[in-house]
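Asks: If you want the building blocks of each chain, they are given just below.
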Amino acid sequence: MIAVVKTPTFDWEALAPIVALGGGMVVALVLGLLPGRGGRFLAVLSGVIATGIAIGAAVLLWNHGVQREAIARSVVIDRASLAAIVIASGSALTGILLAARAHGTEDAGHGETTALILASAFGMAILASANDLVTIFLGLEMLSIPLYVLCASHVDRTASLESGLKYLILGSVGSATALMGLALLYGATGSMYLPDIARTAGDSDLQGLIYPGVALLIAGFGFKLSLAPLHQWTPDVYDGAPTAVTAFMSVATKTAALVVTARLLLVGLGAEDVRDLWEPILLTLAAASIIIGNVGALGQPGMKRLMGYSSIAQAGYLVAALAVGAVGALLAYLAAYAVSTLTVFAVVSARESERPELGDDISALDGLAKERPLLAWLGTLGLFGLAGLPLTAGFFGKVAVAGALVNADKAWLAVLILIGSIISLAYYAPPVIRMWRTVGPDAEEASDEPISVTSTPSGAPNLAGGATGSAGVVAPVPTGLRWEVALIGTVAAALVLAGGLYPDPLLNLATEASAALFGVQ
Amino acid sequence: MTEVLFFLSAIVAIGGAIGVIALKNPFNSVLALVVHLVALAMLFLLLHSEFVAAAQVVVYAGAVMVLYVFVAAYVGEEGETWTSGGRLQRALALLLAGGLAAELLIALLGTGLRSLADADDLPTLDAGFGSAAAIGELLLTRYLLAFEAASLLLLAAAVGAVLLARRRPGGIPEGPRVLSVTDLVSTAGTGSMTEGMRGTLAARAMEADRLAERRMAEAALAKAGKVAPAEAEAPSDAADAEGEAK
Chain A
1 MIAVVKTPTF
11 DWEALAPIVA
21 LGGGMVVALV
31 LGLLPGRGGR
41 FLAVLSGVIA
51 TGIAIGAAVL
61 LWNHGVQREA
71 IARSVVIDRA
81 SLAAIVIASG
91 SALTGILLAA
101 RAHGTEDAGH
111 GETTALILAS
121 AFGMAILASA
131 NDLVTIFLGL
141 EMLSIPLYVL
151 CASHVDRTAS
161 LESGLKYLIL
171 GSVGSATALM
181 GLALLYGATG
191 SMYLPDIART
201 AGDSDLQGLI
211 YPGVALLIAG
221 FGFKLSLAPL
231 HQWTPDVYDG
241 APTAVTAFMS
251 VATKTAALVV
261 TARLLLVGLG
271 AEDVRDLWEP
281 ILLTLAAASI
291 IIGNVGALGQ
301 PGMKRLMGYS
311 SIAQAGYLVA
321 ALAVGAVGAL
331 LAYLAAYAVS
341 TLTVFAVVSA
351 RESERPELGD
361 DISALDGLAK
371 ERPLLAWLGT
381 LGLFGLAGLP
391 LTAGFFGKVA
401 VAGALVNADK
411 AWLAVLILIG
421 SIISLAYYAP
431 PVIRMWRTVG
441 PDAEEASDEP
451 ISVTSTPSGA
461 PNLAGGATGS
471 AGVVAPVPTG
481 LRWEVALIGT
491 VAAALVLAGG
501 LYPDPLLNLA
511 TEASAALFGV
521 Q
Chain B
522 MTEVLFFLSA
532 IVAIGGAIGV
542 IALKNPFNSV
552 LALVVHLVAL
562 AMLFLLLHSE
572 FVAAAQVVVY
582 AGAVMVLYVF
592 VAAYVGEEGE
602 TWTSGGRLQR
612 ALALLLAGGL
622 AAELLIALLG
632 TGLRSLADAD
642 DLPTLDAGFG
652 SAAAIGELLL
662 TRYLLAFEAA
672 SLLLLAAAVG
682 AVLLARRRPG
692 GIPEGPRVLS
702 VTDLVSTAGT
712 GSMTEGMRGT
722 LAARAMEADR
732 LAERRMAEAA
742 LAKAGKVAPA
752 EAEAPSDAAD
762 AEGEAK
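So the sequences go chain by chain: A and B. Residues in the first sequence are numbered consecutively from 1, following the working numbering. Residues in the second sequence are numbered consecutively from 522, following the working numbering.
By construction, these hints were calculated from the structure, which means they are not laboratory data. Positions of the beta carbon are idealized from the N, C-alpha and C atoms, including for glycine. Hints should not be assumed to be uniformly reliable.
If you want a taste of the chain A side facing chain B, the calculated C-beta under 10 Å gives, among others [unchecked claim]:
(1) T7
(2) L34
(3) G111
(4) S120
(5) G123
(6) P195
(7) G213
(8) L389
(9) L391
(10) W412
(11) V415
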C-alpha cells in the first residue's frame with residue numbers, strides 16, 4: 001500500500017539564508033579533508049562564501065519585504081529574523097576569519113572548526129525564525145552543541161577543556177529547563193504554533209500550567225543569554241574558549257536567543273495577564289545583570305574575562321529593552337553591541353598572535369598605539385562603543401533603550417543603565433589607556449600588577465598567573481599581523497563609527513524589523 | 522484497568538527517578554534509570570504511542586544505557602566525593618527546589634488532573650495514531666524542517682566527537698588537567714579485557730608498574746654484567762606507559 005503523502009513545498013527563496021549556512025557546513029567539512037594548505041584554504045573560503053551568501057540573501061529578502069511562514073509553518077521569515085540572521089552570519093564570518101590562522105586551529109582542523117561555526121550559525125538562524133515550539137528547541141540544540149565542542153577544541157589547553165565541559169553541563173541544564181517550559185506551554189495551550197498559542201494563552205483553562213512554563217522558559221533562555229543569576233559560567237567559558245569562538249558566541253548566541261525570546265514572549269505570550277507575569281521577572285533579571293556584570297568586570301586581568309562580565313551587563317541592557325516590548329531599541333542596541341564586541345575581539349585576537357606569551361592579558365595592549373596604530377584605533381572605537389560614548393553606535397543604542405524604558409514608565413531601570421555605564425568606564429578605559437600611553441622605562445613600574453615571567457623546563461616563557469595556563473605546553477611562535485583579522489576589525493569598527501555619526505539608518509532598520517515581528521500574525 | 526496501570530507505572534517511574542539521584546553507587550543509579558525509562562515506556566503505551574514506547578525501550582533503555590554503564594564502569598570507581606557548596610548554598614538550593622516543586626505540583630494537580638477527569642471531552646484519536654507510519658508521515662510533512670535540522674545536528678555532534686577524541690600526532694601534552702573529555706572517550710588500548718575489568722586508570726597504573734619492575738630487573742642484571750640490555754623496544758614502551766599513567 002502506498003500512502004499518498006503531500007509534502008510541504010520547500011520555499012527555497014525564503015529559506016535561502018538558512019540553507020546557505022547549513023550547506024556551507026557540509027561543504028567546509030568535505031573540503032577540509034583535502035590535504036595540506038589547499039584544504040585549509042578551501043575550508044575557510046567556503047565558510048566565508050557561505051556566510052557571505054547568507055548575509056546577501058538576507059539583505060535581498062529584507063529589501064523585498066518578505067514576510068511569510070515557510071515549510072509547514074515551522075519558520076517565519078520576516079525582517080526580525082533576517083536581522084538576526086545577518087548579525088549571526090556576520091559574527092560567524094568574523095569567527096571563521098579570526099580562527100583561520102590562529103594558534104591551535106591547525107590542531108583542531110580547519111574544516112571541522114569552520115563547519116562547526118557554520119552549524120552553530122545555522123542553528124541560530126533557525127532559532128531566530130522559529131515559529132513553533134519543536135523548531136525552537138531544535139534550533140536551541142543546534143546552536144549549543146557545536147559551541148560546546150568549539151569551546152573545548154584546543155584540547156592541549158586545560159582552560160579550553162574546562163571551558164567546554166562547564167559550558168556543556170550548564171548549557172544542558174539550561175536546555176533541559178527550557179524544554180520543560182516548552183512542554184508545559186504545549187500542555188496548557190494544546191498547540192505548537194506560536195500564533196495559535198497567542199490566541200489561546202490568554203484564556204486557557206489550564207492557566208496554572210502557563211505560569212511555571214513561562215518561568216522555566218525564561219530561566220532556560222536566561223542561561224543562554226547569561227543573565228544574572230544564571231551567569232556564573234560566562235567568565236570561565238569566555239576566558240577558556242579559543243578567542244575566535246568567544247567572539248562568535250558572545251555576539252551570535254545573544255542575538256538568536258534574544259530574538260527568539262522576543263518572539264516567544266511578545267508574540268506568543270503577549271496576552272495581558274501573561275505579560276504581567278514575565279515583565280517583572282525580566283526587569284529583575286535585567287537589573288541584577290547590570291549590577292553584577294558591571295561590578296564583576298572591575299579589575300579583571302584578562303580581556304576575555306573582562307568581556308565575559310561586560311557581556312553580562314550588556315545582556316542586562318538588552319533584556320531591559322525586551323521587558324518593555326521595545327524591540328526596535330533592542331535590535332538597534334544589539335547591532336551596536338555586535339559590531340563593537342567583534343571589533344574588540346579582533347584586536348584581542350591580533351594581539352594574541354603577536355604576543356603569545358601574554359595571551360589575552362590586558363598588559364598585551366601596552367604601547368599598542370606605537371606598534372600598531374590601526375589596532376589601537378580599532379580597540380579604542382570598540383571599547384568606547386561598548387561603553388556607549390558619543391560618536392559610536394553604542395551611544396544611540398543606549399539612548400534608544402533608555403528612552404524606551406522612560407516611555408514605559410520604568411525610569412528607575414534607565415537610571416540603573418546610566419549608573420552601570422558610568423561604572424563600565426572604569427573597566428573599558430584602562431585597556432584604552434594602556435594602548436595609548438607611551439611605554440617608557442618606568443612603564444613596568446607603573447603597571448598595577450607586576451608581571452613575573454618564569455621559564456618552564458622546555459625553555460618557553462610562561463606567564464605566572466596568566467590566562468594561557470598549562471605549564472609544559474610549548475608557547476606558540478609569534479606571528480605578524482594577520483591581514484584578515486585587521487580587515488574584519490576595520491569593517492566592524494567602521495560600522496561602529498558610522499552608527500555613531502549617522503544613526504538614522506540603524507534606528508530606521510531596527511524599527512522596521514520591530515514592526516515585522518508584530519506584523520505577520 | 523487503565524487507571525491501575527497508570528498509577529503503577531507512574532509510581533515506578535518516580536521511584537526510579539528518585540533512585541537515580543539517591544543511590545550512592547553510580548552503577549546502581551544507572552540501573553534505577555533503566556527502571557525509570559521502562560516505566561516511562563509503559564506510560565507512552567497508555568497514551569497509544571506504541572512507536573514512541575518501542576523507541577524508548579530500544580534506544581534509551583537499550584543503547585544509551587549501555588553507554589552509561591560503560592562510563593560508570595570506566596570512571597565511576599575512583600571513589601569520587603562530591604564537594605557540595607557551603608551551608609547557605611545548600612539551604613538556598615533546597616528552598617528554591619522546594620519552591621519549584623510546590624509550584625509545579627500545584628499547577629499539575631490543580632489543572633492537569635482535573636482535565637483528565639472529564640473523560641467526556643477527551644479528544645478522539647485519528648486511526649493509526651502513534652503508529653510508525655503516522656509518525657513517519659508527520660516527520661516528512663508537518664515536522665520536515667525539524668527532521669532535517671535534527672539530521673544536521675547529528676552530523677555536527679559526530680564531527681564534534683571526532684574532533685575532541687581523535688588522536689593527535691604529538692599526543693596530548695602533560696599538564697595539570699583534572700578531567701578532560703578525552704579521558705572518557707579515547708584511551709590507549711581501549712577495549713582490552715584488563716581495562717574493562719579494572720578500569721582504565723587502574724590498568725594503566727598496573728602496566729606502568731609492571732614495566733618499571735621489568736626495567737629495574739634488567740638494569741640490575743646489566744649492572745651485574747650478565748645480560749646486556751638488548752631489547753630496543755622495552756624502554757620506549759615503558760616510557761610511553763609511564764607518561765600515560767600520569
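Asks: For each hint, tell me whether it holds in the structure or not.
Replies: Structure-based check of each hint:
Against a cut-off of 10 Å between C-beta atoms, the interface hint on A:T7 holds, since the closest Cβ of chain B lies about 6 Å away. Against a cut-off of 10 Å between C-beta atoms, the interface hint on A:L34 is violated, since the closest Cβ of chain B lies about 16 Å away. Contact between A:G111 and chain B, as hinted, is supported at the beta carbon level, the nearest pair being about 9 Å apart and thus within 10 Å. Of the supplied interface hints, the one on A:S120 holds, with its beta-carbon coming within about 8 Å of a beta-carbon of chain B, less than 10 Å.
Look at A:G123: its Cβ gets to within about 8 Å of chain B, closer than 10 Å, so that hint holds up. The criterion of a C-beta within 10 Å of any C-beta in chain B is not met by A:P195, whose closest approach is roughly 15 Å, and the hint is violated. For A:G213, the suggested interface contact is upheld, since its CB lies about 8 Å from the closest CB of chain B, less than 10 Å. Below 10 Å, beta-carbon pairs count as interface contacts, and A:L389 has none with chain B, the closest being about 39 Å; its hint is therefore violated.
Using the Cβ-Cβ criterion of 10 Å, the hint placing A:L391 at the interface with chain B is not satisfied: the shortest such distance is roughly 41 Å. At its closest, the beta carbon of A:W412 sits 26 Å from a beta carbon of chain B; the interface hint therefore is violated under the 10 Å criterion. Interface hint status for A:V415: violated, as the beta-carbon distance to the closest one in chain B is roughly 29 Å, over 10 Å.
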